[in-house]
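S.K.: Sequence:
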Amino acid sequence: MHQQNVALLYNPSEPGIQETLAQFASHARTECSCLPLPVDRHLPGRVEELSIDAAVNLVADLDLASEVAALCHLMDLPVTGPSRQAQQICADRVLLKDFLSIHNLASPAGYLPRNPVENLAQEHRNFGFPVRVLARTGIRTATVARCFEELQAQVLSVRCEAGEVLVERLVTGTVVSTALWRGKTIGSAELQPGVDAAGAQLEEVHIPARIPATGLKTMERLAERLAELFHARQAMLVTSIRNEHQEEYILDIDLMPSLHRHARFGRIASAFGLSQNECVRSLLGDLRTNRPVSLATRSAWMCG
Numbered sequence: 002m003h004q005q006n007v008a009l010l011y012n013p014s015e016p017g018i019q020e021t022l023a024q025f026a027s028h029a030r031t032e033c034s035c036l037p038l039p040v041d042r043h044l045p046g047r048v049e050e051l052s053i054d055a056a057v058n059l060v061a062d063l064d065l066a067s068e069v070a071a072l073c074h075l076m077d078l079p080v081t082g083p084s085r086q087a088q089q090i091c092a093d094r095v096l097l098k099d100f101l102s103i104h105n106l107a108s109p110a111g112y113l114p115r116n117p118v119e120n121l122a123q124e125h126r127n128f129g130f131p132v133r134v135l136a137r138t139g140i141r142t143a144t145v146a147r148c149f150e151e152l153q154a155q156v157l158s159v160r161c162e163a164g165e166v167l168v169e170r171l172v173t174g175t176v177v178s179t180a181l182w183r184g185k186t187i188g189s190a191e192l193q194p195g196v197d198a199a200g201a202q203l204e205e206v207h208i209p210a211r212i213p214a215t216g217l218k219t220m221e222r223l224a225e226r227l228a229e230l231f232h233a234r235q236a237m238l239v240t241s242i243r244n245e246h247q248e249e250y251i252l253d254i255d256l257m258p259s260l261h262r263h264a265r266f267g268r269i270a271s272a273f274g275l276s277q278n279e280c281v282r283s284l285l286g287d288l289r290t291n292r293p294v295s296l297a298t299r300s301a302w303m304c305g
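The opening residue of the sequence shown carries number 2 in this note's numbering; numbering runs sequentially from there.
Be careful, since some hints might not be right.
[Said to hold, decoys possible] Simulated DEER-style distance windows between Cβ atoms: (1) His246 - Ser27: 43 to 53 Å; (2) Asp99 - His232: 13 to 23 Å; (3) Ala23 - Gln123: 44 to 54 Å; (4) Glu229 - Ile208: 18 to 28 Å; (5) Arg126 - Asp99: 19 to 29 Å; (6) Ala122 - Arg282: 54 to 64 Å; (7) Leu113 - Thr31: 46 to 56 Å.
Honestly, the hints are just simulated from the structure, not real lab data.
Every value quoted in this text rests on a predicted model; they were computed, and no experiment measured them.
Every residue, glycine too, gets a C-beta built ideally from N, C-alpha and C.
Use the sequences and the hints to build the structure in full.
M.R.: Below you can see the structure in the form of structure tokens.
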């Protein structure tokens with residue numbers, strides 16, 4: 002039986018990606034021949050030269066991941082991951098808010114500041130504080146502004162680094178991250194901010210989530226509804242918050258969570274009985290065993 006050549010597509014700039022590649026390959030070595038390939042402009046040529054049969058998309062940045070998915074589709078190359086349309090919706094936080102609103106799912110109120118920072122007062126008006134300041138796209142960490150001076154500085158910083166800015170009302174309450182596999186809840190964890198010994202910010206993950214079972218069940222049903230809307234067939238993380246009035250808001254949807262065993266998805270999944278080995282073998286089982294011979298012209302796509 003022909004052993005597949007499976008490309009592990011990755012972004013070299015992502016932290017911890019080399020460990021993820023090594024862990025993935027160790028579980029897949031009896032199933033296929035794994036070939037790590039960085040996502041750059043040489044990728045189409047490497048796919049052809051190495052006779053790649055299928056690919057696993059390990060790119061975390063949804064903008065880049067959607068481009069990778071489009072490239073694989075162009076080359077008629079079977080690839081894991083959500084649809085390109087789902088990736089594009091989740092990659093744009095404003096588009097995601099509109100999508101959630103259409104389906105009567107709540108997210109924190111927000112707006113896109115358009116004016117120069119000196120004139121932000123005209124747009125912010127009675128929006129109030131504190132607020133979260135996020136990049137419209139990308140994986141930049143959100144910051145919290147508690148006064149107008151902080152808001153100006155943070156908006157300017159995000160504009161310089163990432164382009165468009167989203168200012169969002171800060172909702173307080175219990176933050177829960179739900180891990181899903183093939184559209185079904187595996188388990189949930191409670192997230193809390195913390196600091197390490199050096200004073201750096203870190204994320205504390207409490208498994209299981211420390212909230213009443215009825216409230217947790219509601220948040221997990223909400224996550225499964227989102228998995229259904231996005232046709233999520235593999236790993237997915239939904240982060241939501243429940244405030245003091247027992248109202249739920251969607252904070253984040255990650256259609257491409259890291260499969261590293263110590264990343265959030267891996268920690269929750271393993272705590273509830275789904276191993277990294279099972280995830281890897283299941284992903285490989287999704288890929289077609291036979292790859293079409295024809296390839297699109299390499300010059301038709303330049304990636305990276």
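S.K.: For every hint, state whether the structure bears it out.
M.R.: We went through each hint and held it up to the structure:
1. His246 - Ser27: 43 to 53 Å: Roughly 47 Å apart at Cβ, these two residues keep to the hinted range, so it holds.
2. Asp99 - His232: 13 to 23 Å: About 18 Å separates the Cβ atoms of Asp99 and His232, which means 13 to 23 Å holds.
3. Ala23 - Gln123: 44 to 54 Å: 52 Å, holds
4. Glu229 - Ile208: 18 to 28 Å: 25 Å, holds
5. Arg126 - Asp99: 19 to 29 Å: 22 Å, holds
6. Ala122 - Arg282: 54 to 64 Å: 56 Å, holds
7. Leu113 - Thr31: 46 to 56 Å: 50 Å, holds
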